[in-house]
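S.K.: Taking the hints into account, I'd like the entire structure generated from these sequences.
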Amino acid sequence: MANEVCFRTLDLETPWSLEAYESVGGYSSLRKIIAGELDHEKIIDELKLSALRGRGGAGFPTGLKWSFMPRNMPGQKYVVCNSDEGEPGTFKDRDILRFNPHQLIEGMAIAGYVMNATVGYNYMRGEFYEPFDRMEQALKEARSKNLIGDNILGSDFCFELHNHLGGGAYICGEETALIESLEGKKGQPRFKPPFPANYGVFGRPTNVNNTESYASVPAILENGGQWFLDLGKPNNGGTKIFSVSGHVTNPGNFEINLGTPFKDLLEMAGGMLAGNQLKAVIPGGSSSPILPAEVMMELTMDYDAIGKAGSMLGSGAVMVIDESVCMVELAARTAHFYYEESCGQCSPCREGTGWMSRVIHRILEGEGKPEDIDNLDRVAGNIMGRTICALGDAAAMPIKGFLKNYRHEFEYMIEHKRSMVKG
Amino acid sequence: MTDLNYDKSLHLKELIPQSAIDEIEQWILKYPAERKRPPIMPALKVVQEHNGNYLTTEMMQAVAEYLDVPHVAVYEVATFYTMFNLNEMGKHVLSVCTNLSCSLRGSDKVVEHLQNRLNIKLGETTKDGVFTIKEVECMAACGGAPMLEVDKVYHENLTEEKIDKILSDIAAQHMPAKEEDNNGK
Numbered sequence: 001m002a003n004e005v006c007f008r009t010l011d012l013e014t015p016w017s018l019e020a021y022e023s024v025g026g027y028s029s030l031r032k033i034i035a036g037e038l039d040h041e042k043i044i045d046e047l048k049l050s051a052l053r054g055r056g057g058a059g060f061p062t063g064l065k066w067s068f069m070p071r072n073m074p075g076q077k078y079v080v081c082n083s084d085e086g087e088p089g090t091f092k093d094r095d096i097l098r099f100n101p102h103q104l105i106e107g108m109a110i111a112g113y114v115m116n117a118t119v120g121y122n123y124m125r126g127e128f129y130e131p132f133d134r135m136e137q138a139l140k141e142a143r144s145k146n147l148i149g150d151n152i153l154g155s156d157f158c159f160e161l162h163n164h165l166g167g168g169a170y171i172c173g174e175e176t177a178l179i180e181s182l183e184g185k186k187g188q189p190r191f192k193p194p195f196p197a198n199y200g201v202f203g204r205p206t207n208v209n210n211t212e213s214y215a216s217v218p219a220i221l222e223n224g225g226q227w228f229l230d231l232g233k234p235n236n237g238g239t240k241i242f243s244v245s246g247h248v249t250n251p252g253n254f255e256i257n258l259g260t261p262f263k264d265l266l267e268m269a270g271g272m273l274a275g276n277q278l279k280a281v282i283p284g285g286s287s288s289p290i291l292p293a294e295v296m297m298e299l300t301m302d303y304d305a306i307g308k309a310g311s312m313l314g315s316g317a318v319m320v321i322d323e324s325v326c327m328v329e330l331a332a333r334t335a336h337f338y339y340e341e342s343c344g345q346c347s348p349c350r351e352g353t354g355w356m357s358r359v360i361h362r363i364l365e366g367e368g369k370p371e372d373i374d375n376l377d378r379v380a381g382n383i384m385g386r387t388i389c390a391l392g393d394a395a396a397m398p399i400k401g402f403l404k405n406y407r408h409e410f411e412y413m414i415e416h417k418r419s420m421v422k423g
Numbered sequence: 424m425t426d427l428n429y430d431k432s433l434h435l436k437e438l439i440p441q442s443a444i445d446e447i448e449q450w451i452l453k454y455p456a457e458r459k460r461p462p463i464m465p466a467l468k469v470v471q472e473h474n475g476n477y478l479t480t481e482m483m484q485a486v487a488e489y490l491d492v493p494h495v496a497v498y499e500v501a502t503f504y505t506m507f508n509l510n511e512m513g514k515h516v517l518s519v520c521t522n523l524s525c526s527l528r529g530s531d532k533v534v535e536h537l538q539n540r541l542n543i544k545l546g547e548t549t550k551d552g553v554f555t556i557k558e559v560e561c562m563a564a565c566g567g568a569p570m571l572e573v574d575k576v577y578h579e580n581l582t583e584e585k586i587d588k589i590l591s592d593i594a595a596q597h598m599p600a601k602e603e604d605n606n607g608k
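Protein chains in written order, with the working numbering: chain A, 1 to 423; chain B, 424 to 608.
Don't read these hints as lab results, they were simulated from the structure.
Mixed in with the good hints there might be a few duds.
[Stated by the list, open to error] Here are the simulated EDC-like cross-link-like pairs (lysine to aspartate or glutamate), alpha carbons at most 16 Å apart as the crow flies:
#	chain 1	residue 1	chain 2	residue 2
1	A	Lys369	A	Glu411
2	A	Lys422	A	Glu323
3	A	Lys140	A	Glu160
4	A	Lys140	A	Asp156
5	A	Lys404	A	Glu367
6	A	Lys369	A	Glu323
7	A	Lys185	B	Asp592
8	B	Lys514	B	Asp574
9	B	Lys532	B	Glu579
10	B	Lys575	A	Asp133
11	B	Lys453	A	Asp150
12	A	Lys42	A	Glu222
13	B	Lys436	B	Glu488
14	B	Lys557	A	Glu340
15	A	Lys48	A	Asp230
16	B	Lys459	B	Glu511
17	B	Lys459	A	Glu183
18	A	Lys186	B	Asp574
19	A	Lys32	A	Asp156
20	B	Lys436	B	Glu499
21	A	Lys404	A	Asp377
22	A	Lys145	A	Glu267
23	A	Lys279	A	Glu323
24	B	Lys453	A	Glu136
25	B	Lys453	A	Glu160
26	B	Lys459	B	Glu488
27	B	Lys453	A	Glu130
28	B	Lys575	A	Glu130
29	A	Lys185	B	Glu579
30	A	Lys32	A	Glu22
31	B	Lys532	B	Asp491
32	B	Lys514	B	Asp592
33	A	Lys400	A	Glu415
M.R.: Okay, structure coming up:
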C-alpha cells in the first residue's frame with residue numbers, strides 16, 4: 001500500500017546504503033540496459049504508459065518530456081535534477097535524498113542513457129548539507145562499483161553525476177532559473193522558447209526533472225508502466241509522496257497511491273491535532289489555492305480531482321489548517337513570502353507581490369479600506385499570465401483563493417479592525 | 424595593481440587557508456573547464472565559512488580574480504542569494520523558519536523565545552558576537568515544524584526546552600578559555 005516506490009528502502013537498516021537499495025531490486029534496470037535488454041524507446045514507452053507526471057509541481061508527463069530531448073544531436077547533453085525543494089510545505093525530496101539516494105542516482109543514470117547525456121547535475125537547495133553528504137557518500141559507493149562514471153559495468157555507456165548546492169532562492173526551483181543558477185548567475189528565469197530540451201545548461205540540450213520524478217523511474221522499469229499506472233488512476237499514475245504538515249497529530253511524508261481519499265491521508269497523519277476541527281487545507285504547496293474543509297473531505301488526492309476543485313496537487317505539500325487560524329494572517333504570510341522571493345525581473349510580479357503584501361498587512365493592522373479586497377483581487381489578476389515564469393501565477397493564485405473562500409474574514413477585519421477568528 | 428601580469432589567484436590565497444583553496448578547486452572540477460562562473464557560488468560559500476559567516480567586498484573581489492571573472496559577476500551572485508551575508512554576523516547563525524507550516528505550529532513563539540533569551544531582535548547579533556538570529560523562508564522540514572537551522576544543522580520539533588539546550592550548548596563552546604586553564608593547573 002504505502003512506500004512502494006521512492007521510499008521502498010525506508011524500513012530497512014541504513015536505507016541509504018547501496019546494499020539496502022540493491023536488496024529491493026535497485027540498479028537492476030540499469031543492469032538490464034547495459035545487458036542490452038532495455039532500449040531507450042522501450043523506456044520512454046513504459047514511462048508514457050505509467051502516466052508518471054512531474055512531481056515537482058507542474059505535473060507534466062515525464063515520458064513525453066524525455067521524448068523531446070534531441071538524443072541524436074551531436075555534442076554534450078545534460079540531465080539535471082531539481083532538488084531545490086523550496087515550495088513552502090514540501091519536504092519529500094529531502095527524505096529521498098537522505099534515505100534513498102541510490103534510487104535517484106539510478107534514475108538519473110537511466111535518463112542519461114535515454115537522452116544520450118553523459119553528465120548530470122543534482123542541484124540541491126543550499127541548506128541541504130545533510131542530504132548533500134548522503135548523496136556524496138552514495139555517489140562514492142556507486143562509483144566504486146562502476147555503476148556511475150566511465151564505461152559503466154564494462155559497457156561503452158558513460159555517465160558522470162555531480163552534486164551542486166544552491167544559495168538560497170525559491171525562484172531557483174523554476175527550471176530555467178535553476179539552469180541560470182547552475183551556470184553561476186543570478187537565478188532569473190529565461191524566456192521560453194527555447195526550451196531547455198534545446199537550449200539548457202551551458203547552452204546545451206538539457207532535461208530537468210524533480211527528484212521524485214527521477215527516483216520513480218527505476219521502480220517503474222522494474223515492475224512495468226502498467227503496474228505503476230494501476231497503483232494510481234488513469235492520467236494520474238502511480239504513487240505520490242504527500243508531505244503533510246500543520247495541524248495534524250503526526251506530520252510527515254506519506255507515499256501513497258494517487259487517488260487516495262484525502263480523509264484517509266488525514267487519518268494516516270493521525271487525524272487533527274488535539275481533536276480540533278478542520279477548517280481548510282492548502283493541498284499542493286503554498287502556491288495552490290486553499291480549499292475549505294467540506295470540499296477537501298470529499299476529494300481524492302490526484303492531479304485531476306484537486307484541479308477540478310479549483311486548486312492543484314502541485315508538489316504534494318498538504319498543509320492542514322484548523323479552526324483557530326485567521327485566514328487574513330495566513331494570506332499575509334503567504335503574500336510576504338512571494339514578495340521576498342520574486343526575482344524582480346518582470347514588473348507585474350516585482351511590483352504586484354509588494355502591493356499584495358502591503359495591502360494585506362495594512363488590513364491586518366486595522367488600516368484596511370473596503371475597496372482593498374477588490375484591489376487585491378485585481379492586482380492578483382494583473383500578475384497572472386503576465387510574467388516570464390510561473391512565480392507570478394504562484395503568488396497570485398493563493399491570494400485569489402483566500403479571497404474566494406474567506407472573503408468574509410477580510411471584510412470582517414476591515415470593518416471591525418480585528419480578526420473574526422481570534423477576536 | 425598596475426602590474427597586469429600579477430598572479431590573480433594570490434589575493435584569495437592570502438585570505439583563506441590552503442584547505443579552503445583545495446575545497447574550491449574540487450568544486451571547479453565539477454563544471455566544464457571553459458566555464459568560469461559556475462564555481463562562483465560554491466567558492467563564495469567556502470570563503471564565507473572561513474570568514475565568520477559573512478563576505479567583504481575584498482573577499483568577493485578576490486574570488487572574482489581567482490576564478491577570472493568580472494567583479495560584478497561575483498557581486499550579483501552574492502547579493503541575489505539569501506545565504507550570503509554582506510554584513511558582519513555572529514559566530515553562529517540561527518535561521519528561524521516562519522513560513523506557513525512553521526507558523527501553524529508556533530514559530531512566532533520560537534522567535535519570541537529566542538528574542539527574549541538573547542535580548543536581540545530578528546536580524547541582530549548579540550553583543551558578544553556569538554549569536555545572530557535571522558528569519559528565513561521554508562527550509563523543507565515542515566514535518567518537524569517549528570524548526571530552525573543552526574549553522575548547517577536543522578533542529579526540528581522545537582520546544583522552549585530544546586531551544587534553551589541549543590543556546591546553552593553553543594554558549595558553552597564560547598566560555599572564556601581561562602576557566603579551563605585554571606582547572607588544568
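S.K.: Decide, hint by hint, whether the structure agrees.
M.R.: Cross-check of the supplied hints:
no.: 1; hint: A:Lys369 x A:Glu411; result: holds (9 Å)
no.: 2; hint: A:Lys422 x A:Glu323; result: holds (10 Å)
no.: 3; hint: A:Lys140 x A:Glu160; result: holds (11 Å)
no.: 4; hint: A:Lys140 x A:Asp156; result: violated (20 Å)
no.: 5; hint: A:Lys404 x A:Glu367; result: violated (21 Å)
no.: 6; hint: A:Lys369 x A:Glu323; result: violated (26 Å)
no.: 7; hint: A:Lys185 x B:Asp592; result: violated (38 Å)
no.: 8; hint: B:Lys514 x B:Asp574; result: holds (9 Å)
no.: 9; hint: B:Lys532 x B:Glu579; result: holds (14 Å)
no.: 10; hint: B:Lys575 x A:Asp133; result: holds (12 Å)
no.: 11; hint: B:Lys453 x A:Asp150; result: holds (15 Å)
no.: 12; hint: A:Lys42 x A:Glu222; result: holds (12 Å)
no.: 13; hint: B:Lys436 x B:Glu488; result: holds (11 Å)
no.: 14; hint: B:Lys557 x A:Glu340; result: holds (14 Å)
no.: 15; hint: A:Lys48 x A:Asp230; result: holds (13 Å)
no.: 16; hint: B:Lys459 x B:Glu511; result: violated (28 Å)
no.: 17; hint: B:Lys459 x A:Glu183; result: holds (9 Å)
no.: 18; hint: A:Lys186 x B:Asp574; result: violated (23 Å)
no.: 19; hint: A:Lys32 x A:Asp156; result: holds (14 Å)
no.: 20; hint: B:Lys436 x B:Glu499; result: violated (22 Å)
no.: 21; hint: A:Lys404 x A:Asp377; result: holds (9 Å)
no.: 22; hint: A:Lys145 x A:Glu267; result: violated (42 Å)
no.: 23; hint: A:Lys279 x A:Glu323; result: holds (5 Å)
no.: 24; hint: B:Lys453 x A:Glu136; result: holds (13 Å)
no.: 25; hint: B:Lys453 x A:Glu160; result: holds (10 Å)
no.: 26; hint: B:Lys459 x B:Glu488; result: holds (11 Å)
no.: 27; hint: B:Lys453 x A:Glu130; result: violated (20 Å)
no.: 28; hint: B:Lys575 x A:Glu130; result: holds (8 Å)
no.: 29; hint: A:Lys185 x B:Glu579; result: violated (32 Å)
no.: 30; hint: A:Lys32 x A:Glu22; result: holds (14 Å)
no.: 31; hint: B:Lys532 x B:Asp491; result: violated (47 Å)
no.: 32; hint: B:Lys514 x B:Asp592; result: holds (13 Å)
no.: 33; hint: A:Lys400 x A:Glu415; result: violated (20 Å)
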